[in-house]
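Q: Letter by letter, the chains look like this.
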Amino acid sequence: MFAYIIRRLWQIVPTMLGVILLIFFLFNVVGGDPAYLLAGKISNPEQIANIRKQLGIDEPYYIQLWIFFKQVVTFNFGQSWSTNEYVSSIFATRLPASLMIGIPLLILETIIAIGIALSVAYVRGSLTDRSVMVGCTIAQSISILVYIIVFQYVLAYKFGWFPVQGWGNGFFENLFKYSALPVLIALVVSLAPNIRLYRTFLLDEMNQDYVRTARAKGLTERRVMLLHVLRNASIPIITNLMIQLPGLLVGLFLIERFFSIPGIGREVILSVERSDFPVIKAITVYVALATMLANLAADLLYKAVDPRVELK
Amino acid sequence: MTTPLLSVKNLRVTFRIDRKNTFEALKGVSFDVMPNETVALVGESGSGKSVTSLAILGLLPKENAKVDAGSRIDFDGKNLLSLSKSEIRELRGDKISMIFQEPMSSLNPVFTVGYQIKEVLKEHKNLTGDAAQKRAIALLKEVGIPSAEERIDYYPHQMSGGQQQRVMIAMAIACEPKLLIADEPTTALDVTIQKQILDLIAEIQKKHGMSVLFITHDLAVVGDIADRVVVMRSGDIKEQGTTKEVFANPKDDYTKALLSCRPVVDSRPKRLPVIEDFMAGRAEAMRLEQRSRGVKESDPIVLEVKGLAKDFYSRDGLFGKKTFHAAKDVSFKLRRGKTLGLVGESGSGKTTVGLTVMRLHDATHGEAWFDGKNIFAMSEKEFLPYKKRIQIVFQNPYASLNPRFTVGQILMEPMIIHNIGKDGADRSKMAFELLSKVGLPEMSFYKYPHEFSGGQRQRIAIARCLTMKPDILICDESVSALDVSVQAQVLNLLQDLQDEFGLSYIFISHDLAVVKYMSDEVMVMSNGEVVEHRDSDALYAAPQHDYTRKLLDSIPKGLHA
Amino acid sequence: MNTAVMNPSIGIERSPGLWSLAWKRLIADKIAVISLAIVILFLSLALASFVGLIAKGWNNEVGVNYAPPTWFKGSAPTEDLSKKQAVNPTGPSLDTGLAKPEFVNDRDPLRETVNELKQQLGQSAGANSVDEIKIVDPLADVIAELKKKLGRVGDEGEKETESTRLQTLAFGADKWGRSVFDKVVKGSETSITVGFAAAIVATLIGTFLGALAGYYGGKVDDALNWFYSIFNSIPYILLVLAIAAVLNKKGILTVVLILGLTGWASIFRVVRAEYIKHKARDYVRAANAIGASHSRRMFVHIFPNISHVVLVQLSLYVVIFIKSEVILSYLGFGVGVDTVSWGSMLNEAQNELILGYWWQLGAATLFMAILVTAFSLFTDALRDALDPKLK
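For the record, the sequence lines run as chains A, B and C. Numbered per this note's numbering, the first sequence finishes at 312, counting up by one with no gaps. Numbered per this note's numbering, the second sequence finishes at 873, counting up by one with no gaps. Numbered per this note's numbering, the third sequence finishes at 1264, counting up by one with no gaps.
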């Protein structure tokens, strides 16, 4: 177990180096001299000169790479090009809002999706099953943009049930007032694909021999489905959840943007619009790291759910 | 006469395949199981034997299976087909229980075996806590699980296949059922384990006075344990009677063929009689014409393997590497026109040897001298001209033919690769000849593999090898996946080809009787090592090694036991 | 029947292969046939629009500003508005219309919110065009903008604005009076082009690398897997946005490259797994035994057996990329202003919705939903038809 964790952490190193190389290649090699990009955006030539110096633009690539590498390791990406805010403080101040939307969403979505998937998987092939599946397909076909535009217009603007946008300072104010509609929209958008996915997981398990054994033992259908099938299906479901986790940080960028929620996702869009490279670079590198750690956590959780897994 | 415990009357089951097509799996099956009796339901694949067992428990898939309204299954005075869902559920696991073919997949992998046994006790006997724990341990002890107190907390994957099947049996007898249905309970197990499980079922049946409905494809297995035999074929019952009657004096041609087409260790007819032979009435004559086997020092050697070893590696710990010795120091000589049998249980390394000899695995050590050269020392390119001279027929006929190729393409591909034949027309002519040689109609040339049965596919695979006129043919469990009647046909074909072309075979199988029938010499392997290697008649008559003796003792003897 | 002629001596028809069996299963499925028909309809629409048979003049102002859909003519507030627009072309700019109480006073209580919202939304919609001078003559502004963007000859645009414009259009008109129907058709062309082209790029890369990694294993696999894990560890949308930020260039080709070059990871994983599974199968071992070369085993033997997986992945990609393109174009990182995309339509429609002009939103949503639904249903049916065991 211990050896396994050490080895997995060790395996993260080359991948992380690859991510650094990729980001470096994109921003320093393809992106080129920031002076051109920033010409229209920053009026102060001194500031541009300073940025160029920080990046070591006039130095050979390996020096630039070394500078970038040091930034990653020391968690010091300097200041944003457009707001001069420190990148580390951007992280610290934007993360809570993203989590405030992401965590309730993940919990609600998982419970509801599993519930619906269980009920349709149980009556597989029936009219209910087929209609829910077609419904999911249609729901999935509509762009998330449309959901946001329409829900915001109808529920917030027309009916006034929710604030149109905004973010407060109080925890409960944010949780119940400002994040309610964003979470609702994200829920509607993410339910359809998850129901389909979980239904497949459940159906895979329902075709296994042990289900036949459980029925031959005379267990009730309830017990067969909720205990035997669900316990086994939870293995792929957990993997799926863990993989979704880091994506939540940036995946809700559209919602954050529409509702003016100061989260990481909105920060990404703003930075892309402003060509604010330090912020994009930092977010990409650290979200990649978070993804790798989440994958490791998923494998460890595996062990807890599936006794067959041996972490060697 | 006592009333039967289970009485199946005119059972008809239809499956819906798609919107238009249906398939009649059972065409009116009737048989009885008396109290305290073991009845064997015997049939090959597609006979409907498993459908029958699932119908009794009401476990047929409700989406596409339909039981005819005129059918009846009476159990203990009740018609099971007219019971409500919850009534039949209460019977399951309590009065009627069932064990299945694959113990590994039939147990839920994420619960301990103890939990799964206690689950039955709670459901039907309302037994929980210490009482359930005690009963579960007692059950595990009864089915012969050593240190049951500890193993009750094991997960299924921590146990061997034989132990898993014992757990299944413990679960099945937990509520002292009146009827135990055993659906091919030993097919997935090694021959020595098979014997133990068969003995266990027989013992438990006697002790608890249960009835057992034993479902199998292998008549030989039931000779020891069944009181009566029901022979099924394509949804019909061909013959039923007491085991003695059916074995000693079978009436139906199909039963006769089933009984005699399976090779036995004490007789080696020149060809195995199949159903057609019984229909034509020439089977008796065939049985008398025997074949003699064995090798002489003067027989020319085609392949000599010296010190073959094959290791596999897996990761262990932080930096460690674990080595698994799949084959250790295997040496043998293969003589022209002779068969070397390679026998052993799963994991013995017999397949590894076969694959390594033809370089589908790289040997870790050793030499293989063929045509004056060591083929293990050759580069891939140097080996190519030799490659066609050593060919292989695999076990699974459904996997060994490329499903996207027509049979014609399958047969002509090796000819193209090795420049055999002048042109396309020449090659297709040769392919047609080979098809008729292996007993397939000409039009097979244009068909795809999925249109053929398992036996036919194995013939195609053999024909593919013959296109390259090999010296050596490796048969890796080539007949193991086939029904016995089809197996006999393929074995006869292999015999004929050996007689005609003087092929040398390396015949790999777990089935001792088949190996005995086919081989001049036999090598017995266990844990990667050769434990005994002699002329086949001598080896079977007087086994020297303990392991060989144990293997031979486990062969089901039919009624002769 | 041809084959019967080809082999008269045998006189049997050539057996159906797995592909033709799958095709038979596919066309036996009603949903599959209908969705396939819809997809083909969209494809021909896109093709017709590409060669200029329809929607050629999507950029012409054929109707009055915000002309309502023909069948929606009776509706009161919008009709009023459009008439006013038609009579008085020098009226207040609709771009700033939100700020003008005479047009939105029915929503007076919410005006502040609207303004706030507009400012927020305007960030990507070109809010910097708010200018006092332009309010006086909004059309001049619009024309100038268009001219600038399209490099179109001045008097041509002039002429169109002078000529009589339609009061209503089949699907209504946008801010500048362009036909929503033409725009949505042109948008289909963009989406379908991007979706298919990017899907093909991603599939080619992912399949090729996946085949190499899965088939050879060992060092090749380690190297390619490392490459894959880099792409896999960065959330897809983040990578796409990062590249968009760096390229800082708009256009269909850019979008295709961004989506295709970043999206290959998922098919890589699937194809690699398939190759690992298949290379251990007996038919591939048998091919090895008869002396077939590596490339022959990889492409002649294995590939046809996994091609259905590739095909299903390809069509999944089409759906994903169409959706991604819409988002990119919405954000202004996608196709340029010289073409139209459902995403840019949604961007415009978002502002219009607050004014009550819902038709551009409706049309873009409807077209996209129909195409994507049909394509997804077709993909599902395709998967079932190709792999009947799964069902």
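Some hints here could point you the wrong way.
[Said to hold, decoys possible] Pair ranges (Cβ atoms, derived): (1) L926(C) to G78(A): 50 to 60 angstroms; (2) N376(B) to P889(C): 15 to 25 angstroms; (3) L1126(C) to F2(A): 27 to 37 angstroms; (4) K903(C) to H637(B): 52 to 62 angstroms; (5) S131(A) to D623(B): 48 to 58 angstroms; (6) L1126(C) to P262(A): 31 to 41 angstroms; (7) H637(B) to S89(A): 33 to 43 angstroms.
[Stated by the list, open to error] A partial selection of chain B residues facing chain C, derived with a Cβ cut-off under 8 angstroms: (8) S579; (9) P581; (10) L696; (11) Q703; (12) A711; (13) R716; (14) Y760; (15) M780.
If you're looking for bench data, these hints aren't it; they were derived computationally from the structure. Where a beta carbon is used, it is the ideal one built from N, C-alpha and C, also for glycine.
Q: Compare the structure with each hint and give your call.
A: Hint check:
1. L926(C) to G78(A): 50 to 60 angstroms: About 55 angstroms separates the Cβ atoms of L926(C) and G78(A), which means 50 to 60 angstroms holds.
2. N376(B) to P889(C): 15 to 25 angstroms: holds, 24 angstroms
3. L1126(C) to F2(A): 27 to 37 angstroms: violated, 51 angstroms
4. K903(C) to H637(B): 52 to 62 angstroms: holds, 58 angstroms
5. S131(A) to D623(B): 48 to 58 angstroms: holds, 56 angstroms
6. L1126(C) to P262(A): 31 to 41 angstroms: Since the Cβ atoms of L1126(C) and P262(A) sit about 35 angstroms apart, the hinted range of 31 to 41 angstroms holds.
7. H637(B) to S89(A): 33 to 43 angstroms: Since the Cβ atoms of H637(B) and S89(A) sit about 60 angstroms apart, the hinted range of 33 to 43 angstroms is violated.
8. S579: violated, 32 angstroms
9. P581: With a minimum Cβ separation of about 30 angstroms from chain C (threshold 8 angstroms), the hint on P581(B) is violated.
10. L696: holds, 6 angstroms
11. Q703: holds, 6 angstroms
12. A711: Holds, because the Cβ-Cβ distance from A711(B) to chain C comes to roughly 4 angstroms (cut-off 8 angstroms).
13. R716: Constraint on R716(B) satisfied, holds at 4 angstroms.
14. Y760: holds, 6 angstroms
15. M780: holds, 7 angstroms
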